[in-house]
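Enquirer: Take a look at the letters that make up each chain.
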Amino acid sequence: MSIQFLFLEIRRTLRSLRYLMFAVVFPVGLFLLFAALYKDEALMGTTAKAYLMISMAMFGTMGTTMATGARVAMDRQIGWNRLLRLTPLRPRWYVATRFVNSLATAVPSLLLVFVAGRLLGVRMSGSEWTRVSLYFTLALVPFAVLGVALGYLITADSAPMVNGASQMVLSLFGGVWVPVSQMPHVMLTVGRALPSFWLGVAARSPLTGERLGFNGLAILVGWTAVFALFAARRYRHDAARA
Amino acid sequence: MSSATPDVPHYPDRCWPENLDSVRRTDHTTDHLPADPAEPRDVGAATRSAGTAVRLRSLRRTYGPVVAVDGLDLDIAPGETVALLGPNGAGKSTTIDMLLGLTRPDAGEVRLFGRTPAEAITEGLVGAILQATSLPTDVTVTELLEMVASLHHEPMSAAEAMHRAGISDLGRRRTSRLSGGQQKRVCFAMALLPDPELLVLDEPTAGMDVESRRAFWQAMREQTQAGKTVLFATHYLAEADDYADRIVLVRSGAVVADGPATEIRAMGGGRTIRATLPGAVPERLCALPGVLSAETHGQAVVLRCSDSDTALRALLAAEPVARDIEVSGADMEDAFLALTTDIPTIGEEVTR
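Chains as they are written, first to last, in the numbering used here: chain A, 1 to 242; chain B, 243 to 594.
The shape of chain B in the complex, shown without the other chains (with noise of 0.2 Å):
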C-alpha cells in the first residue's frame, strides 16, 4: 500500500468485482430475444440484434489521450426504459453519440433494431434530444416543427407533435423568447416527429424547474406506455430511480452496473455498518466478506456492505472490540458513490 502512486488507485480492485457480476449477469434482453443459449453474448448476427432495440459492442472512443468510451457494451430490448447514470465525463453524452451515429466510434458496433444508426433514422425509427443544443432563431415554434416534420418521411403533424409534447401553447412563440426548459420541451416535440420507436435523451430535464421536470415526465410515460423504447443519460438519480425500469451504471466509459434499480440500489453496499474501532486497518476491513469498502476517520468506521448480515459477523469476530454499532439502510445515492468514485476511502491509513 506504501508504494502506491497517486494516480493509481490503491485500493484494492476486489473490493467491488464479485458483487457487480452478480447484478451484471442479469441479462434483462435476453428475456425478450429469441432463445439462442450456444450463441456467445459478444458475437454479432444481423438475426439477433433485430429483435433488440439498442445493441452495442466493444465501443470505444478517445479523445486525444482521453479514453471517453471504453469497451461499451449494452443492450436494450423494445419497450424497455433504461437510464444510463453516471458522473460527469462518465463517458455517457459520448455513447449517445456514437448511438445516434453523430460521432465515429474508433472501435465497436452499433446497431439500431439491426441498423446502422443512419438507416434507423432515415426510417424514422428515432428520436432524440440531445445535450447542449438550442434551437435556431427567427423563427417561431410551429414554423420550426413543421420544417423539420417536411424532413421526415411519415411524420406526424405539428400540432400533433406539440401536442404530446404538451407544449401546444407554444406554437406561435419565437424561440427566441422560450426558457431553457422549453426550448428542450420543444426538441421533445421535434423527436416525436417520426413517431419513433427509440426515443434517446441526454440529460433532458437539464435546466428544467422542477414543474416542468414533473410534466416532461409525465409525457415521457405516455410513450413509454404506448411501449416505446427510451434511453436517456442523466446525473439526477432520483430520476433514473423513478422513471428507469433498468439503470445502467457507467463510470470511465464502461458499464460498471446494470439492472433494476432496486438491485443497484441494493448493490451502493445495501447497507452500511458504522462503528467505532480503535486502531482500525481499512485493508484488513475491507477484505471481510460482504464488505464492499471501508472509510476510517480516526476510530470511526464506515463499512459498505453488500452484505451486511455476513459482514457484520465477519467484523465482530476479526474486531472483537467493535463498539457502538449501527447498521443503516443505503440509497441510490450511496449505490452510486460506491459504484463510480475511483477512490471509495478516504481514509489517513490509505492515502499515506
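Isolated chain A, as found in the complex (with noise of 0.2 Å):
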C-alpha cells in the first residue's frame, strides 16, 4: 500500500467542503439538537444523551465511509483509475487503500460527535468511551466496504442520492432516529438482518450490556465478505473494459 497516496487521499477528503457538511456539520448539528430535547432521559440502560450522540456519530460515519463511493466513481468517471494503472501501484492496493481512506475519515466524524458529547455531559468511563469507540470502529468496516463497493455500481452523478438514501435507510434501521428499545416488531426483523442494526448494537453494548452474539457478528462479517466480492467482481469487469 502506498502511504502518500492514503494520506494525499485522506488530505483531499478533509479540504472537501461536502465532507465537512455531512461528517461534521449534520451529525454535529443534529445531536446538539436532539440533546436538547432529550435533556437527561433514561434510554435503554443508559442516558438518551449517551444513545444519541451515538445514533448520530453513526448517522455521520455511515455517511462518510459510503461517500468513499462518491471518490471512487469519480475516480473512473475521470479516468484517474486509468492513469493510476500506469504507474506500479497495483489496482488491489488502490482498492486497500480506498479502504483504508474510508475508514479513517470516519474518525473524524466520530470524534467530533464524541467530543460533543463529552461537552453536553455525555458521562462514561475511560474505559466505556475506549470500548465504545473500538467496537464502533470494529462494527464500521462492513461500511467501508461497502463504500468501495458502492464506487464501482454507481456513478459520480448518482452518488450523492444513492448515498443519501443508503445513510437514511440505514439509519433508520439501526435505530438513529427510533430507538431500537421503540421500533415496531417488523422494522427490528428487517432490522436484524441489517449491518447497521448491529453496528448500533455493538457501538451501544459497553453501556447498556447488550451482546453482539454470534448472530449479530455473522450479520457483520457476512456483509463485509458480500460487499468485498461485490467490489472485487466489479473492481475485475472495469479493469477489463476500462
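Quick caveat, the hints were computed from the structure, so don't treat them as lab data.
To be clear about the criterion: a stretch of chain A counts as covered by chain B if any three or more of its residues have a C-beta under 8 Å from a C-beta of chain B, and this derived list gives those stretches:
id, stretch
1, 78 to 84
2, 87 to 96
Non-contacting residues of chain B with respect to chain A, defined by C-beta distances greater than 10 Å in every case (computed):
id, residue
3, S399
4, V563
5, M574
Sample of chain B residues facing chain A (criterion: CB under 8 Å; computed from the structure):
id, residue
6, I363
7, A370
8, H394
Predicted model, so just to flag it, every value in this text is computed and none were measured.
Every residue gets a Cβ at the ideal spot worked out from N, C-alpha and C, and that includes glycine.
Quick one: dock chain against chain with the hints and give me the complex.
Expert: Written out as C-alpha cells, the structure is:
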C-alpha cells in the first residue's frame, strides 16, 4: 500500500466542503438539537444523550464511509483510475487504500460527535469511552467495504442520491431515528438482517449491556464478505473494460 | 456497379492496394533490429522483440458488434517518433489502451521492450498521456505529482518533471483551477516521472491553444532528442507531419499506410489531375494506371494519382477529348482523405 497515496486521499477528503457538511455539520448539529430535546431522560440502560451521541455518530460515519463510493466513482469518471494504472501501484492496493481511506475519514466525524457529547454532559468512564470507540470502529468495517463497492456500482452523478438514501434507510434500521427499544416488530425483524442494526448494538454494548452475539457478528462479517466480493467482481469487470 | 448495396463500398478496391503495399514494404524497424532474414515477420520470438520498443501483433478488439481494432500490426524501434494518424473511430485510442494494458485485447500480442505492458509499466519504462482524463480536485499540482512519484520505483523529483514539462510555475495551483491544456501538461509531467523510455500520447494537444501546443511540442522534442521513443495519436495532420519521423495511418482498426511523412504525402495520390471530360465514367478513369480514385461532377473530373505522369499519359490515350487539364501537388490532407475515407468517389455515376 502506498502511504503517500493514502495520506493525499485523506487530505483531499478533509478539504472537501461536502465532507465537512455531511461528516461534521450534520451529525454534530443534529446531536445538539436532539440532545436539547431529550435532556436527561434514561434510555435502554443508559442516558438518552449517550444513546443519541452514538446514533448521530453512526449517521455521520455511515455517510462518510459510503461517500468513498462517490470518490471511487469520480476516479472512474475522470479516468484517474486509468492514469494510476500507468504507475506500479497494484490495482488491489488501490482498492485497499480506498478501504483504509474510507475508515480513516470516519474517525474525525466520530470524534467530533463524541467531543460534542462530552461537552454536553455525556458521562462515561475511560474504559467505556475506549470500548465504545473501538467496537464502533470495528463494526464500521462493512460500511467501509460497502463504500468501495458502491464506487463500482454507481456513477459520480448518482452518488449523492444513492448515498443519501442508503444512509437514511440504514440509519433508520440501526435505531438512529427511533430507539431500538421503541421499534415496531417488523422493523426489528428487517433491522436484524442489516449491518447498521448491529453497528448500533456493538457501539452501545458497553453502555447498555447488550451483546453482539454470534448472530450479530455473523451478519457484520457476512455483509463485509458480500460487499468485498461484489467490489472485487465489479473491479475486475471494470479493469477489463476500462 | 448497379447491384452495389449502400453499405458495401462499390468503389473498386484495387484502386489502392498496390500503392499501399509499396509503402508498407518499407519496414522501418528492421533497420534497427538484429538481421534475421529467415524469421517470418509475424512470428514472435522474445529475443527479437527485445530490441523493439513497441511490438503489436494481430491486435483485435471488439465492443459488441463494433470491431474497433481489426488485426493491427505495428513495430516501433527505440528512438522513433511515430504518429498514429486516423479519423475518429479508426481505433487509435483502443490500440493505445491495449498497448498500455488498460484494455485487454480479444486476440493478438503486445510487447513493450519485450515485456508485457504491466511489466514495462512496473519497471518505469512507459509514460503516457491518456485521452479524456482529468485530474482529481482538492489537491495542488505539486502534491499530486509528489504522490504519483512516490508510486514509482526510481522517479525523478516532482520539481524536475514539472521543469521538463515546462509547468514549474503551476506547482502551487489547485488542479481545479487549471485549464484543459494546463491539465494535459500536468499529465505530461506525470508521464515523465519514471523517466520512461517510451512515451505514449493519446491526442496530447487536444484542448490546447496554439501557444501551449507549440510549447508542448518543444518540451516533447527535448525528450526525443534524449533518445526517447514516442508514439502519439492525433487527428491533426499538421502535427503528424511536423513532429513524427514516421506516420502510421489507421482506418477501421487496421494499418493502411506506414512510412515517413514525405511518402505518406505522396500516397495521397501524390498529385491530382483535374480535367473537363464529357461523358466521363468514373470506373473507367479509376482503372487507368497511376490513378488512385476518380471523382466526377458532371463534366468535371478529379483524379487522385499515385503517379500523375503515367496517369496523364493514360488519360490522354484513353480519353482524347479530355481538355482543360491541370495537375496539382497533393498535401497531407489529400493523403489522409484518400487513405482513410471509405468511399473516395461521390460522383453521380457511382452512387446510382
